[in-house]
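**Student:** Sequence:
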Amino acid sequence: MGIAILGTGAYLPERVVTNQDLEKIVDTTDEWIRTRTGISTRHIGGQGDETYLLAARAAANALQMAEVSAGEIDLIIVATISSHMLMPSCACFVQKELGANRAFAFDINAACSGFVYALDLADKYIQADPSKKILVIGAEALSSRTNWEDRNTCILFGDGAGAVILGYVEGSRGIMGSKLFSDGKLWSLLHMHTAPSCNPELLQSGNPGVHIVMEGREVFKYAVKAMEEAILALLEQEQVVLDAIKLIIPHQANIRILNNLVERLGISAEKVFINVQKYGNTSAASIPIALDEANRDSRVEAGDIVLLCSFGGGFTWGATLIRW
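Okay, so the sequence shown: first residue is 0 according to numbering that gives the first Met the number 0, each after it adds one.
I should point out that these hints are in silico values taken from the structure, not numbers from a laboratory.
Below, simulated SDA-like cross-link-like pairs (lysine to any residue); rule was C-alpha separation at most 20 Å, straight line:
{"id": "1", "residue 1": "Lys220", "residue 2": "His190"}
{"id": "2", "residue 1": "Lys224", "residue 2": "Glu262"}
{"id": "3", "residue 1": "Lys245", "residue 2": "Arg263"}
{"id": "4", "residue 1": "Lys270", "residue 2": "Glu300"}
{"id": "5", "residue 1": "Lys23", "residue 2": "Ser39"}
{"id": "6", "residue 1": "Lys245", "residue 2": "Gly1"}
{"id": "7", "residue 1": "Lys131", "residue 2": "Arg172"}
{"id": "8", "residue 1": "Lys132", "residue 2": "Val67"}
{"id": "9", "residue 1": "Lys277", "residue 2": "Asn18"}
{"id": "10", "residue 1": "Lys245", "residue 2": "Asn258"}
{"id": "11", "residue 1": "Lys132", "residue 2": "Arg172"}
{"id": "12", "residue 1": "Lys131", "residue 2": "Leu5"}
{"id": "13", "residue 1": "Lys277", "residue 2": "Val15"}
{"id": "14", "residue 1": "Lys245", "residue 2": "Ser297"}
{"id": "15", "residue 1": "Lys184", "residue 2": "Val218"}
{"id": "16", "residue 1": "Lys132", "residue 2": "Ser171"}
{"id": "17", "residue 1": "Lys224", "residue 2": "Leu179"}
{"id": "18", "residue 1": "Lys132", "residue 2": "Trp323"}
{"id": "19", "residue 1": "Lys277", "residue 2": "Arg298"}
{"id": "20", "residue 1": "Lys224", "residue 2": "Gly265"}
{"id": "21", "residue 1": "Lys95", "residue 2": "Asp73"}
{"id": "22", "residue 1": "Lys220", "residue 2": "Leu264"}
{"id": "23", "residue 1": "Lys224", "residue 2": "Ser267"}
{"id": "24", "residue 1": "Lys220", "residue 2": "Arg255"}
{"id": "25", "residue 1": "Lys184", "residue 2": "Phe219"}
{"id": "26", "residue 1": "Lys132", "residue 2": "Glu71"}
{"id": "27", "residue 1": "Lys95", "residue 2": "Leu85"}
{"id": "28", "residue 1": "Lys277", "residue 2": "Asn151"}
{"id": "29", "residue 1": "Lys270", "residue 2": "Val299"}
{"id": "30", "residue 1": "Lys184", "residue 2": "Gly215"}
{"id": "31", "residue 1": "Lys270", "residue 2": "Leu241"}
{"id": "32", "residue 1": "Lys131", "residue 2": "Gly70"}
{"id": "33", "residue 1": "Lys131", "residue 2": "Asp73"}
{"id": "34", "residue 1": "Lys220", "residue 2": "Val261"}
{"id": "35", "residue 1": "Lys123", "residue 2": "Gly176"}
{"id": "36", "residue 1": "Lys184", "residue 2": "Met213"}
{"id": "37", "residue 1": "Lys95", "residue 2": "Val67"}
{"id": "38", "residue 1": "Lys132", "residue 2": "Gly70"}
{"id": "39", "residue 1": "Lys245", "residue 2": "Ile304"}
{"id": "40", "residue 1": "Lys132", "residue 2": "Gly176"}
Could you build all of it, start to finish, from the sequences and the hints given here?
**Tutor:** As C-alpha coordinates, then:
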(Lines of atoms letter the chains of each structure in order from A and count residues from 1; the text may use other names and numbers.)
(Lines give C-alpha, C1' and ligand atoms only; values in the text may rest on other atoms or scores of the structure.)
Protein backbone atom coordinates (compact mmCIF):
# COMPACT_ATOMS: atom_id res chain seq x y z
CA MET A 1 0.00 0.00 0.00
CA GLY A 2 1.22 3.50 -0.78
CA ILE A 3 0.39 7.16 -1.37
CA ALA A 4 0.17 7.42 -5.12
CA ILE A 5 -0.44 9.98 -7.84
CA LEU A 6 -3.94 9.20 -9.11
CA GLY A 7 -3.97 11.77 -11.90
CA THR A 8 -1.94 14.60 -13.41
CA GLY A 9 -2.91 17.78 -15.20
CA ALA A 10 -1.36 20.93 -16.64
CA TYR A 11 -2.40 24.19 -18.20
CA LEU A 12 -0.45 26.81 -20.19
CA PRO A 13 -1.73 30.22 -21.32
CA GLU A 14 -2.49 30.43 -25.02
CA ARG A 15 -0.09 33.29 -25.79
CA VAL A 16 3.38 32.12 -26.85
CA VAL A 17 6.30 34.55 -26.75
CA THR A 18 9.29 33.61 -28.90
CA ASN A 19 12.91 34.69 -28.61
CA GLN A 20 12.35 36.82 -31.71
CA ASP A 21 9.59 38.64 -29.83
CA LEU A 22 12.03 39.39 -27.00
CA GLU A 23 14.57 40.77 -29.48
CA LYS A 24 12.14 43.66 -29.98
CA ILE A 25 12.07 44.73 -26.32
CA VAL A 26 15.57 44.03 -24.93
CA ASP A 27 19.11 43.84 -26.31
CA THR A 28 19.30 40.10 -27.03
CA THR A 29 19.14 37.56 -29.85
CA ASP A 30 17.49 34.22 -30.42
CA GLU A 31 20.92 32.57 -30.69
CA TRP A 32 22.14 34.16 -27.43
CA ILE A 33 19.07 32.95 -25.54
CA ARG A 34 19.08 29.42 -26.97
CA THR A 35 22.82 28.96 -26.44
CA ARG A 36 22.74 30.01 -22.80
CA THR A 37 19.33 28.77 -21.69
CA GLY A 38 18.00 26.29 -24.24
CA ILE A 39 14.73 28.22 -24.29
CA SER A 40 12.98 28.99 -27.59
CA THR A 41 9.46 29.89 -26.44
CA ARG A 42 7.53 30.52 -23.26
CA HIS A 43 3.81 30.94 -22.51
CA ILE A 44 2.77 34.32 -21.11
CA GLY A 45 -0.59 35.00 -19.50
CA GLY A 46 -3.15 37.47 -20.79
CA GLN A 47 -6.46 38.69 -19.42
CA GLY A 48 -8.16 35.90 -17.46
CA ASP A 49 -4.88 34.06 -16.79
CA GLU A 50 -4.37 34.97 -13.14
CA THR A 51 -2.35 32.39 -11.20
CA TYR A 52 -5.37 30.85 -9.49
CA LEU A 53 -7.17 30.36 -12.82
CA LEU A 54 -4.12 28.63 -14.33
CA ALA A 55 -4.01 26.46 -11.20
CA ALA A 56 -7.72 25.63 -11.33
CA ARG A 57 -7.56 24.63 -15.00
CA ALA A 58 -4.59 22.34 -14.37
CA ALA A 59 -6.41 20.89 -11.36
CA ALA A 60 -9.53 20.21 -13.42
CA ASN A 61 -7.45 18.19 -15.88
CA ALA A 62 -5.89 16.19 -13.04
CA LEU A 63 -9.29 15.53 -11.45
CA GLN A 64 -10.61 14.28 -14.78
CA MET A 65 -7.72 11.84 -15.23
CA ALA A 66 -8.02 10.60 -11.65
CA GLU A 67 -11.81 10.24 -11.97
CA VAL A 68 -12.12 12.16 -8.71
CA SER A 69 -14.69 14.91 -8.18
CA ALA A 70 -13.80 18.28 -6.65
CA GLY A 71 -16.15 17.44 -3.79
CA GLU A 72 -13.95 14.48 -2.82
CA ILE A 73 -10.84 16.63 -2.25
CA ASP A 74 -9.90 17.14 1.41
CA LEU A 75 -6.95 19.49 1.03
CA ILE A 76 -5.59 21.85 -1.64
CA ILE A 77 -1.95 22.92 -1.50
CA VAL A 78 -0.68 25.45 -4.03
CA ALA A 79 3.04 26.10 -4.41
CA THR A 80 3.57 29.58 -5.85
CA ILE A 81 5.58 32.79 -5.59
CA SER A 82 3.28 34.76 -7.88
CA SER A 83 -0.23 34.64 -6.48
CA HIS A 84 -2.31 37.59 -7.70
CA MET A 85 -3.02 38.53 -4.05
CA LEU A 86 -1.14 38.12 -0.78
CA MET A 87 -4.42 37.28 0.95
CA PRO A 88 -6.50 35.18 0.47
CA SER A 89 -4.19 32.42 -0.67
CA CYS A 90 -4.13 31.21 -4.24
CA ALA A 91 -5.35 27.85 -2.91
CA CYS A 92 -8.52 29.42 -1.49
CA PHE A 93 -9.32 30.94 -4.88
CA VAL A 94 -8.72 27.53 -6.50
CA GLN A 95 -11.10 25.95 -3.99
CA LYS A 96 -13.76 28.50 -4.98
CA GLU A 97 -13.20 27.92 -8.71
CA LEU A 98 -13.42 24.14 -8.42
CA GLY A 99 -16.26 24.04 -5.89
CA ALA A 100 -14.12 21.85 -3.61
CA ASN A 101 -16.31 22.74 -0.65
CA ARG A 102 -15.04 20.17 1.85
CA ALA A 103 -11.35 20.98 1.33
CA PHE A 104 -9.16 23.24 3.43
CA ALA A 105 -6.57 25.14 1.44
CA PHE A 106 -3.28 26.99 1.76
CA ASP A 107 -0.21 28.09 -0.21
CA ILE A 108 3.45 27.34 0.37
CA ASN A 109 6.42 29.39 -0.79
CA ALA A 110 9.57 27.44 -1.55
CA ALA A 111 10.15 29.06 -4.95
CA CYS A 112 11.12 26.55 -7.65
CA SER A 113 11.22 23.74 -5.08
CA GLY A 114 7.65 24.43 -4.02
CA PHE A 115 6.07 21.44 -5.74
CA VAL A 116 8.42 18.84 -4.22
CA TYR A 117 7.97 20.48 -0.81
CA ALA A 118 4.17 20.38 -1.23
CA LEU A 119 4.26 16.78 -2.42
CA ASP A 120 6.17 15.72 0.69
CA LEU A 121 3.73 17.61 2.90
CA ALA A 122 0.73 15.97 1.23
CA ASP A 123 2.37 12.57 1.66
CA LYS A 124 2.61 13.19 5.42
CA TYR A 125 -1.05 14.26 5.65
CA ILE A 126 -2.22 11.04 3.98
CA GLN A 127 0.08 8.94 6.14
CA ALA A 128 -1.72 10.46 9.12
CA ASP A 129 -5.17 9.90 7.57
CA PRO A 130 -5.27 7.43 4.64
CA SER A 131 -8.83 8.45 3.75
CA LYS A 132 -7.69 11.87 2.49
CA LYS A 133 -7.45 12.86 -1.15
CA ILE A 134 -5.18 15.84 -1.75
CA LEU A 135 -4.76 18.20 -4.68
CA VAL A 136 -1.20 19.52 -5.05
CA ILE A 137 -0.58 22.31 -7.56
CA GLY A 138 2.45 24.26 -8.73
CA ALA A 139 1.28 27.46 -10.41
CA GLU A 140 3.02 30.63 -11.52
CA ALA A 141 2.32 33.81 -13.44
CA LEU A 142 5.96 34.89 -13.39
CA SER A 143 5.36 37.40 -16.17
CA SER A 144 3.80 39.53 -13.42
CA ARG A 145 6.99 39.28 -11.35
CA THR A 146 9.57 39.83 -14.10
CA ASN A 147 11.51 42.99 -14.89
CA TRP A 148 10.97 43.19 -18.63
CA GLU A 149 13.91 45.60 -18.99
CA ASP A 150 16.39 43.12 -17.50
CA ARG A 151 17.61 40.93 -20.34
CA ASN A 152 19.28 38.49 -17.97
CA THR A 153 16.01 37.46 -16.33
CA CYS A 154 13.14 38.33 -18.67
CA ILE A 155 14.30 35.73 -21.20
CA LEU A 156 14.01 32.92 -18.65
CA PHE A 157 10.54 32.84 -17.21
CA GLY A 158 7.11 31.67 -18.30
CA ASP A 159 3.61 31.16 -16.90
CA GLY A 160 1.73 27.92 -16.33
CA ALA A 161 0.44 25.38 -13.84
CA GLY A 162 0.64 21.67 -13.14
CA ALA A 163 -1.33 19.55 -10.69
CA VAL A 164 -1.56 16.06 -9.20
CA ILE A 165 -4.18 14.21 -7.16
CA LEU A 166 -2.77 12.11 -4.32
CA GLY A 167 -4.52 9.26 -2.55
CA TYR A 168 -3.96 5.98 -0.71
CA VAL A 169 -3.88 2.83 -2.89
CA GLU A 170 -3.30 -0.88 -2.50
CA GLY A 171 -0.10 -2.35 -3.91
CA SER A 172 3.48 -1.10 -4.19
CA ARG A 173 2.77 2.21 -5.97
CA GLY A 174 3.44 5.50 -4.29
CA ILE A 175 5.87 8.06 -2.96
CA MET A 176 8.95 6.24 -1.74
CA GLY A 177 10.64 9.15 0.03
CA SER A 178 12.01 12.68 -0.16
CA LYS A 179 15.07 14.68 0.91
CA LEU A 180 14.52 18.40 1.33
CA PHE A 181 17.01 21.17 2.13
CA SER A 182 17.33 24.93 2.48
CA ASP A 183 19.99 27.57 3.15
CA GLY A 184 18.71 31.04 4.02
CA LYS A 185 22.21 32.51 4.11
CA LEU A 186 22.24 32.63 0.31
CA TRP A 187 18.91 34.41 -0.14
CA SER A 188 20.41 37.46 -1.84
CA LEU A 189 21.50 35.48 -4.91
CA LEU A 190 17.88 34.82 -5.91
CA HIS A 191 15.06 36.81 -4.39
CA MET A 192 11.99 38.99 -4.87
CA HIS A 193 10.95 41.94 -2.72
CA THR A 194 7.38 42.71 -1.68
CA ALA A 195 5.66 46.04 -2.30
CA PRO A 196 7.12 48.86 -0.18
CA SER A 197 6.04 48.81 3.47
CA CYS A 198 3.18 51.05 4.61
CA ASN A 199 5.12 51.48 7.86
CA PRO A 200 7.94 53.98 7.23
CA GLU A 201 9.98 52.39 10.02
CA LEU A 202 10.02 49.12 8.06
CA LEU A 203 10.83 50.49 4.61
CA GLN A 204 13.67 48.54 3.01
CA SER A 205 16.31 50.58 1.27
CA GLY A 206 17.24 49.45 -2.20
CA ASN A 207 13.91 47.73 -2.92
CA PRO A 208 13.91 47.56 -6.75
CA GLY A 209 10.27 46.46 -6.95
CA VAL A 210 8.25 43.26 -6.86
CA HIS A 211 10.21 41.28 -9.44
CA ILE A 212 12.80 38.52 -9.56
CA VAL A 213 16.42 39.50 -8.90
CA MET A 214 19.05 36.88 -9.66
CA GLU A 215 22.80 36.43 -9.78
CA GLY A 216 22.69 33.80 -12.50
CA ARG A 217 26.30 32.60 -12.43
CA GLU A 218 26.31 32.17 -8.66
CA VAL A 219 22.96 30.36 -8.69
CA PHE A 220 24.27 27.98 -11.35
CA LYS A 221 27.27 27.01 -9.20
CA TYR A 222 25.10 26.08 -6.24
CA ALA A 223 22.14 24.57 -8.14
CA VAL A 224 23.87 21.69 -9.91
CA LYS A 225 25.89 20.55 -6.91
CA ALA A 226 22.92 20.82 -4.56
CA MET A 227 20.58 18.79 -6.79
CA GLU A 228 23.23 16.12 -7.34
CA GLU A 229 23.82 15.78 -3.61
CA ALA A 230 20.08 15.67 -2.87
CA ILE A 231 19.59 12.91 -5.44
CA LEU A 232 22.47 10.81 -4.13
CA ALA A 233 21.36 11.28 -0.51
CA LEU A 234 17.82 10.20 -1.38
CA LEU A 235 19.01 7.14 -3.30
CA GLU A 236 21.10 6.12 -0.31
CA GLN A 237 18.18 6.71 2.06
CA GLU A 238 15.81 4.56 -0.01
CA GLN A 239 18.51 2.02 -1.02
CA VAL A 240 17.84 2.54 -4.72
CA VAL A 241 20.56 2.52 -7.38
CA LEU A 242 20.65 5.20 -10.07
CA ASP A 243 20.27 2.61 -12.82
CA ALA A 244 16.90 1.58 -11.38
CA ILE A 245 15.36 4.98 -12.15
CA LYS A 246 13.28 5.04 -15.32
CA LEU A 247 12.92 8.81 -15.63
CA ILE A 248 14.33 11.90 -13.92
CA ILE A 249 12.13 14.99 -14.03
CA PRO A 250 14.17 17.99 -12.84
CA HIS A 251 13.10 21.59 -12.39
CA GLN A 252 13.32 23.16 -15.84
CA ALA A 253 15.62 26.08 -14.99
CA ASN A 254 17.84 26.22 -18.07
CA ILE A 255 19.54 23.73 -20.35
CA ARG A 256 23.06 24.34 -19.00
CA ILE A 257 22.02 23.36 -15.48
CA LEU A 258 20.21 20.27 -16.80
CA ASN A 259 23.12 19.18 -19.02
CA ASN A 260 25.58 19.71 -16.20
CA LEU A 261 23.44 17.61 -13.85
CA VAL A 262 23.31 14.79 -16.41
CA GLU A 263 27.10 14.92 -16.75
CA ARG A 264 27.74 14.92 -12.99
CA LEU A 265 25.40 11.97 -12.45
CA GLY A 266 26.95 10.06 -15.36
CA ILE A 267 23.59 9.06 -16.83
CA SER A 268 22.12 8.96 -20.31
CA ALA A 269 20.38 12.17 -21.39
CA GLU A 270 17.47 9.98 -22.51
CA LYS A 271 16.69 9.34 -18.83
CA VAL A 272 16.05 13.02 -18.19
CA PHE A 273 12.78 14.66 -19.22
CA ILE A 274 13.37 18.14 -20.66
CA ASN A 275 10.79 20.62 -21.93
CA VAL A 276 12.45 23.91 -20.94
CA GLN A 277 12.79 24.78 -24.63
CA LYS A 278 8.99 25.14 -24.91
CA TYR A 279 7.98 26.69 -21.61
CA GLY A 280 11.03 28.33 -20.04
CA ASN A 281 11.42 28.40 -16.27
CA THR A 282 7.96 28.23 -14.68
CA SER A 283 9.32 27.91 -11.11
CA ALA A 284 7.03 25.77 -8.92
CA ALA A 285 4.96 24.80 -11.96
CA SER A 286 7.83 23.33 -13.98
CA ILE A 287 8.00 19.84 -12.45
CA PRO A 288 4.23 19.14 -12.42
CA ILE A 289 3.90 20.44 -16.00
CA ALA A 290 6.73 18.12 -17.08
CA LEU A 291 5.30 15.25 -15.03
CA ASP A 292 1.92 15.59 -16.73
CA GLU A 293 3.53 15.74 -20.16
CA ALA A 294 5.65 12.66 -19.45
CA ASN A 295 2.62 10.81 -18.09
CA ARG A 296 0.40 11.62 -21.09
CA ASP A 297 3.22 10.73 -23.50
CA SER A 298 3.57 7.30 -21.80
CA ARG A 299 7.16 8.01 -20.75
CA VAL A 300 6.35 6.29 -17.44
CA GLU A 301 4.49 3.04 -16.86
CA ALA A 302 3.21 1.14 -13.85
CA GLY A 303 6.09 0.05 -11.61
CA ASP A 304 8.61 2.56 -12.99
CA ILE A 305 10.66 4.56 -10.51
CA VAL A 306 10.53 8.31 -11.21
CA LEU A 307 12.80 10.88 -9.58
CA LEU A 308 11.88 14.55 -9.18
CA CYS A 309 14.50 17.14 -8.21
CA SER A 310 14.55 20.90 -7.89
CA PHE A 311 16.46 23.98 -6.75
CA GLY A 312 15.09 27.45 -6.08
CA GLY A 313 15.27 30.71 -4.21
CA GLY A 314 15.70 30.55 -0.48
CA PHE A 315 17.85 28.65 -1.27
CA THR A 316 15.61 25.59 -1.30
CA TRP A 317 16.25 22.25 -2.96
CA GLY A 318 15.34 18.60 -2.78
CA ALA A 319 14.39 15.35 -4.48
CA THR A 320 11.51 12.87 -4.39
CA LEU A 321 11.27 9.22 -5.49
CA ILE A 322 7.99 7.80 -6.77
CA ARG A 323 7.06 4.28 -7.83
CA TRP A 324 4.55 4.85 -10.60
